Amino acid sequence: AQKVTQTQTSISVMEKTTVTMDCVYETQDSSYFLFWYKQTASGEIVFLIRQDSYKKENATVGHYSLNFQKPKSSIGLIITATQIEDSAVYFCAMRERYNTGNYKYVFGAGTRLKVIA
Amino acid sequence: GGIITQTPKFLIGQEGQKLTLKCQQNFNHDTMYWYRQDSGKGLRLIYYSITENDLQKGDLSEGYDASREKKSSFSLTVTSAQKNEMAVFLCASTTGTAPYAEQFFGPGTRLTVL
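Those sequence lines, one after another, are chains A and B.
Each residue of the first sequence is one higher than the one before, counting from 4 in this note's numbering.
Each residue of the second sequence is one higher than the one before, counting from 10 in this note's numbering.
So that you can see chain A by itself, here it is in the shape it has in the complex (with noise of 0.2 Å):
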């Protein structure tokens, strides 16, 4: 079975810096996709961004960016320039593919971040 491990529980940061959160997986497939999510202090889940296994670029959203070290089997979500609205708790998550050909997601227990003005 499929694993993501995100090992940071908690991070507080200065606003207008930069941040990266690490994320870890473990997957048999050759093929496979990496999400971030965002949850709010509302409980709001929204999807930031994805990274394709078979894409060498890291994907860029607005000030949201992945490290994708395929090697190393991990995928750091970097946000640029904070804002004091980006404190939230973070899920890294991966698509896993089932015999049947259809799919469920993996997520990792997430990392909660604070920034401070």
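These aren't lab readings, by the way, just hints derived from the structure by calculation.
Bear in mind the structure is a predicted one, so any value in this text is a computation, not a measurement.
Please note that a few of the clues may not be correct.
[What the hints assert, rightly or not] Distance condition first, Cα-Cα at most 27 Å in a straight line; then the derived DSS-like pairs of lysine-lysine:
1) A:Lys73 / A:Lys58
2) A:Lys58 / A:Lys107
3) B:Lys27 / B:Lys79
4) A:Lys107 / A:Lys73
5) B:Lys50 / A:Lys117
6) A:Lys73 / A:Lys6
7) B:Lys18 / A:Lys6
8) B:Lys92 / B:Lys50
9) A:Lys75 / B:Lys50
10) A:Lys107 / B:Lys50
11) A:Lys19 / B:Lys92
12) B:Lys66 / A:Lys6
13) B:Lys18 / B:Lys92
14) B:Lys79 / A:Lys107
15) A:Lys107 / B:Lys31
16) B:Lys80 / A:Lys107
17) A:Lys59 / A:Lys73
Using the hints, position chain B against chain A.
For chain B alone, coordinates are given in the frame of chain A:
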């Protein structure tokens, strides 16, 4: 765009009671999911469904039943609520079986068992 609605927002039950949570989506997505999130923890998959009338067990299906009678709706039943059980149940959906498709989440139902 679309939206996922979950009812009720808060659910308070008694020990041993059977409780039903409902989820509706208007994305016209094929696949729907139920997750449980305990306080300060990650998401654990209870059930998912790839199409109407299909049900697939997740890692946490014991103690739960699910129903997908329409493409747009997915219900979860706690078959016998456990005392002191407190968690948020999240419904999600995604389009088809494309492996790169992201999930869209509902706002959650917060369960408290007295």
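Here is how each hint holds up against the structure:
Annotation: proposed proximity of Lys73 (chain A) to Lys58 (chain A) holds, straight-line Cα distance about 10 Å (limit 27 Å). Taken as a hint, the Lys58 (chain A) and Lys107 (chain A) pair is honoured in the structure, with Cα atoms around 21 Å apart against an allowance of 27 Å. For the hint linking Lys27 (chain B) to Lys79 (chain B), the alpha-carbon distance of about 22 Å falls within 27 Å, and the restraint holds. Of the supplied pair hints, the one linking Lys107 (chain A) and Lys73 (chain A) holds, its CA atoms being roughly 21 Å apart against a limit of 27 Å.
Proposed proximity of Lys50 (chain B) and Lys117 (chain A) is supported: the alpha carbons are some 17 Å apart, at most 27 Å. For the hint pairing Lys73 (chain A) with Lys6 (chain A), the CA-to-CA distance comes to about 15 Å; that is within 27 Å, so the pair holds. At roughly 31 Å between alpha-carbon atoms, Lys18 (chain B) and Lys6 (chain A) are farther apart than 27 Å, so this suggested pair is violated. For the hint pairing Lys92 (chain B) with Lys50 (chain B), the CA-to-CA distance comes to about 19 Å; that is within 27 Å, so the pair holds.
Among the hinted pairs, Lys75 (chain A) with Lys50 (chain B) is consistent with the structure: their alpha-carbon atoms are about 25 Å apart, no more than 27 Å. The straight-line distance between the Cα atoms of Lys107 (chain A) and Lys50 (chain B) is roughly 19 Å, inside the 27 Å bound, and the hint therefore holds. Distance restraint check for Lys19 (chain A) and Lys92 (chain B): the Cα-Cα separation of roughly 45 Å exceeds the 27 Å cut-off, and the hinted pair is therefore not satisfied. Of the supplied pair hints, the one linking Lys66 (chain B) and Lys6 (chain A) holds, its CA atoms being roughly 18 Å apart against a limit of 27 Å.
Using a Cα cut-off of 27 Å, the hinted pair Lys18 (chain B) and Lys92 (chain B) holds, with the two alpha carbons roughly 19 Å apart. Restraint check: the Cα-Cα separation between Lys79 (chain B) and Lys107 (chain A) comes to about 20 Å, which is no more than 27 Å; the hinted pair holds. Among the hinted pairs, Lys107 (chain A) with Lys31 (chain B) is consistent with the structure: their alpha-carbon atoms are about 20 Å apart, no more than 27 Å. With a C-alpha separation of about 18 Å, the suggested pair Lys80 (chain B) and Lys107 (chain A) falls inside the 27 Å cut-off, and the hint holds.
About 9 Å separates the Cα atoms of Lys59 (chain A) and Lys73 (chain A), which keeps this hinted pair within 27 Å; it holds.
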